[in-house]
Amino acid sequence: MPKHYRPAGKKKEGNAAKYVTRSQAVKLLQVNLSTFRRLCILKGVFPREPKKKVKGNHHTYYHLKDIWFVKHDPLLEKFREMRTYEKKLKKAEAKKNRDLYERLRTRKPSYTLDRLILERYPKFVDALRDLDDCLSMVHLFAALPALERENIEVKRIHHCRKLSHEWQAYIARTHKLRKVFISVKGIYFQAEVEGQKITWLTPHALQQVLPDDVDYSVMLTFLEFYETLLAFTNFKLYHSINVNYPPILDPQLEALAEELYALSRYLDANTRSARASGSDQVEGQENEKQHDESDLRLAQLQHQLPHNEPGALMHLVEDAAGEDEEDEDTKECKNLFKDMKFFLGREVPRESLLFVIPAFGGIVSWEGDGAPFREADQSITHQIVDRPTQGHKFLSREYVQPQWIYDCVNARIILPTEGYLVGRVPPPHLSPFVDNEAEGYVPDYAETVKRLQAAARNEVLPMPGTVKEDLEDPQRLLVEGIIDRAEANEAAEKKRKMATLEKQYHDELKMELEGAQYSSSMINQNIESNTASGEAREEPAPDLQQIAEDSTNMSKLVMPRKKRRLLEAMEIGKKRKQANVDLLKERKKKNEAGQTSKAK
Amino acid sequence: MGIPKIMSCRKRTWSPEKRALLVRVLIRMNLKMGILRTSRHWRSQNLERVTHKSTRYMGSVRTGNKGKSIIDNARIDDGGSEISESDQRAEESDSSEDEVPSRNTIGDVPLQWYRDEEHIGYDVKGKKIKKKERQDKLDAFLASADDSKNWRKINDEYNDEVVELTKDETRLIHRLLKGKAPHAGFDPYPDYVDFFKWDDAKHPLSNAPEPKRRFIPSKWEAKKVAKYARAIREGLIKLDKPKEEPRFYNLWGDDLNSKDRAGHLAYIPAPKPKLPGHEESYNPSLEYIPTQEEINSYQLMYEEDRPKFIPKRFTSLKSVPAYENAVNDSFERCMDLYMSYRAWKKRLNIDPESLKPKLPSRKDLKPYPVTCYLEYRGHEGAVVSISTEATGQWIASGSADGTVRIWEVETGRCRGVWTIGEPVQFVSWNPLSELPILAIAAGQDVLLLNTGLGNAEDQKKIKELLQVEISGTAGDSDEQPLVSWLQDDKHKHEAIRLRHFKTVTSVEWHRKGDYLSTVTPAGESRAILIHQLSKKVTQKIPFKLHGLPVSSVFHPSRSIFFVSTKKNVRVYDLLKQKLIKKLETGLREVSSIAIHPQGDNVIVGSREGKLCWFDMDLSSQPYKTLQCHSKDITNVAFHRSYPLFASCSDDCTAYVFHGMVYSDFNQNPLIVPLEILRGHASSNGRGVMDCKFHPRQPWLFTAGADSVVRLFCH
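Going line by line, the protein sequences match chains H and E. Going left to right, the first sequence walks through residues 2 to 601 as my numbering numbers them. Going left to right, the second sequence walks through residues 532 to 1245 as my numbering numbers them.
FYI, nobody ran anything at the bench for these hints, they're computed from the structure. Even glycine gets a Cβ: it sits at the ideal position worked out from N, Cα and C. Be aware that a few hints might be false.
Taking beta-carbon pairs under 8 Å as the criterion, some of the chain E residues facing chain H (in silico) [as the list claims (entries may be wrong)]: (1) 727; (2) 773; (3) 782; (4) 796; (5) 800; (6) 815; (7) 849; (8) 853; (9) 855; (10) 861; (11) 868; (12) 887; (13) 1148; (14) 1154; (15) 1157; (16) 1161.
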């Protein structure tokens, strides 16, 4: 049978059979495009690139299996049902059948996404792995204004707010926050949950603008999925620390828009009571039952917890210390701000600090209602101030700018506060996500921080004598390195000499073999050539670059074209990187020059 | 409620205030005197309009036999107008349509709100209206006793004033109290007007008795109700329930019995967004902030090259504004997540060094020419061509200044100079060591020159050979000879001049030293000629050339002849007189060709700087193409005994390669670049013009356009 023959029943083969364009897919599923889009978003179906684009380059291709996957989902049927229901509703309204309309309106069919979540993330770790976008989106919507025109409801905004606070409360409670970075775009946080690094972006707590050129329906579909995902994730996480979910909050604090604080109190109270009851009743179910009964009472109890006494929070820290086995990192994070008390000034952007400081073991209060302690509290060690001058100062505490907190967190040590005092220009805030060595350029402040870190590590060492030595360690190492290199150079020289001698010997041998008639002249020549080669050796010393270039050129010569192109592309990339670094260095030099000239 | 409806056709007699007062008076009278009169009489006027439907209404009439409800239902029928008012709100009224606006503007609010205030309300301009001074009760009583008209005075609380009823009004009240219609002109008993016109009909309507079905409950309705009841019972109709909050539970369970996504395509997680670098900080180091000029220069860039983010510095955290593209960025990400292709791409995290092929160490491939050992200086023009003598003791060089020099290789001594007159194109020694004849191509001539080397015996032989009879216009005895063989006596030694009709570019000797071939590119059918020295005969090759010939070479061991045209190389068998092979170079313009001493491998250099290695046994395509030079390759050469070959180019470099050919057919030739030889200077855009290997030693001679010949030794 010739290869091109296709039996009558058999359809196409290869890419033409495996992949369909988007319009084909829409036709196949018998839905409209917007429903298809929703289905794709909810099911997590994405286009796949065929090796050969049968229908042309300007189409989007989906794998047929993906489309069948969507087709067999009950959600598709549900969407159809909802659509027909909408029609009924519209008809009832148009016919002014008020009763029917009301009845239909209140009984709209709805759907849940929990099954989809389980399908997309069979394991909890999978869900955590994909949580980045989810968190960023939920945090963004928590900061957006509700907009009736675009179907952004107040309820959803509040829900997003709630979810984000719950997440933050968990992270802070379990001290899983690792890195924080304030960028112009917002604040990046990185937490490590179950070994997964989760990074999310929260916008600055300011009025956001809703641009017109954005299709909000797409974003809302994503948000719908993300909300459910985050809620289930929160549930799982809360249960892992024996706390009921959803939490019931102190209405008074909630009214004051201090949900995060309220949540942390809730977590605190709940875990403690859980532990207490856990000792009596081992079974979780009973435990839960008891919780159900005492939920309301708990909320009331929280309210009764002494507001102005930090004891509650101290308890939290102490309890957590003895809680369970934790990895090194968490311990380090937990003890960073241990025994420190912070007070936030009125002008400081509060939300992120209220999250970060407890996450690293500190105690924090703020100016406003519902705060755990007041400004006049004598035990406050640091007051965070974000204004050019501070009027009244307590001598017992330090007044620092908020950046100090973030830099301490990223460096994992308590940095000296001199640079961050009120009224000074703080040192540059560096991204903790950059690998400076790989990037090829290390900013000055990163070096300083590194040195401080090394010093801090050494401080822990028992012997003070060694500390000082170690402090100068890098320099000593450098010197050693130089000595080493010199030695190596010498060795290389020796080797080369040996090689030349050997070579001479070999050449002579060869000449002898070739015949005696040239011997006299050859010896002469040989000597000359040796001297010449010696000269040549001396010569290329400044011309090393040329030699290196030659050698690379020569190896390139024999490469196949594909590999050569690849190598060239790599070189271009390297060059670009280097150019960036050079630009930075040049700018730095210019800045320094400018500063010195100014100083003069 | 409480706002009187006023029909448009109404004849207005009183202002609403007055009406309100009137009602109040009535109330007071009723209550005081305990006169409870039903309004049945008034209502009887309206009964005609009351239909069956209004049983409720009737009911209210029936039950309305108590003080307030009477007033509630009080209707003042005024020529078809109805006025209904409640007792509470009756005092206040809407003054919008009145001629006499009321003083007070507080509107329809309970007056007790103002009981303890200093004022009773506000006038139109918004000023407070002060309460009047309250009279002492005694004074009031005395005043009322004194005043004869006191009985018709009423206190209006709303406006805080005393109103005196007119005679008409009192009369009206009296009529009302008597239970009559308030207006004297009202006729309570008008003539009956039948609703039906009895034209000729006997009966107004069917007088059939009321059907029974009107008196029994509807069966269909009962059925319908039963259906609904059943539906509710079965749960088909759900009654209102409180909206359910989404329930959350431990979705993943213990994670132990969870299975992977089976039966689907592999899920490809979306790549995570790029993490921010130092430059995105709100307070980056100063070196990350571009200067104003740099920012301006971004405008000149292409849209896609332009940096999307310009670092900026803020002095304090609170001064950082909201990021204007937050929503846009998030949206972009969403679009990427569901619109863009996902595929596993292997991230090339390879060391660039590993890409380079494993070549044998250059040390192991020694000896090969490495450094410049000698320079042969003396020419005044570019040295175009060089040739080494078969013994390797002498080297001849031809220059564009019209001279040919012979040098001793080892010392660099110039043995002799011949002035040809024309720029020399090519020099070539006879491959036989006992016949040191030099073929020189200059202009249209090829000069076969006795160089005067060798011992006396050889010289004798050469002199014999280089004698041409006068009738030596051999070759074709036809109309025009291909080449004229002439004796040349200008030089101190014997020489033969072969005069061609066009410029000769290259001369190649056969290995036996008797034949030589010349190439005249413009010669068309006579482009390539083969001369026989011993017989002084010239013949043209019996093949058609496709394209301009560039050079020609004899096979080192067999009677095979290579002719390279600009595009490809043709291989002819001279004995069988036919084409054996055509080598497709794929090059733009071939400039030179060299043959491996074993004869199975050919290298071809081209004007675009590419060097092709052909393995003739393998295929007619190049086995390997090396892009080594940046400019034209001028010549390529094989070493006669060492596995070396070289190429020289106008970029002033010469490359030396190791080219090992194995006798085993399964093993491909090994090509290793060894050395780049530099030293020549460029002049007029030309660099190295020619390169030749020493016949015995691994030495390379290069001829430069800078009029120097160099010897590179190992």
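Verification of the supplied hints:
1. Residue-level restraint check for residue 727 of chain E is violated (minimum Cβ-Cβ distance to chain H is 36 Å; threshold 8 Å).
2. Contact between residue 773 of chain E and chain H, as hinted, is not supported at the beta carbon level, the nearest pair being about 11 Å apart and thus beyond 8 Å.
3. Taking 8 Å as the C-beta contact cut-off toward chain H, the hint placing residue 782 of chain E at the interface holds, the least distance being around 5 Å.
4. The interface hint given for residue 796 of chain E holds, since its Cβ lies 5 Å from the closest Cβ of chain H, which is under the 8 Å cut-off.
5. Look at residue 800 of chain E: its Cβ gets to within about 6 Å of chain H, closer than 8 Å, so that hint holds up.
6. For residue 815 of chain E, the shortest C-beta to C-beta distance to chain H is roughly 6 Å, which falls under 8 Å, so the interface hint holds.
7. For residue 849 of chain E, the interface hint holds, the least distance from its beta-carbon to any beta-carbon of chain H being 5 Å, beneath 8 Å.
8. Among the interface hints, the one on residue 853 of chain E holds; its C-beta lies about 4 Å from the nearest C-beta in chain H, closer than the 8 Å criterion.
9. Look at residue 855 of chain E: its Cβ gets to within about 6 Å of chain H, closer than 8 Å, so that hint holds up.
10. Look at residue 861 of chain E: its Cβ gets to within about 5 Å of chain H, closer than 8 Å, so that hint holds up.
11. Interface restraint check for residue 868 of chain E: the shortest CB-CB distance to chain H comes to about 7 Å, inside 8 Å, so the restraint holds.
12. The beta carbon of residue 887 of chain E comes within 4 Å of a beta carbon in chain H, closer than 8 Å, and the hint placing it at the interface holds.
13. Residue-level restraint check for residue 1148 of chain E is violated (minimum Cβ-Cβ distance to chain H is 21 Å; threshold 8 Å).
14. Annotation: interface hint on residue 1154 of chain E violated; nearest CB of chain H at approximately 12 Å, more than 8 Å.
15. Restraint check, residue 1157 of chain E versus chain H: the minimum CB separation of about 5 Å is within 8 Å; hint holds.
16. With a least beta-carbon distance of about 10 Å to chain H, the hint placing residue 1161 of chain E at the interface is violated under the 8 Å criterion.
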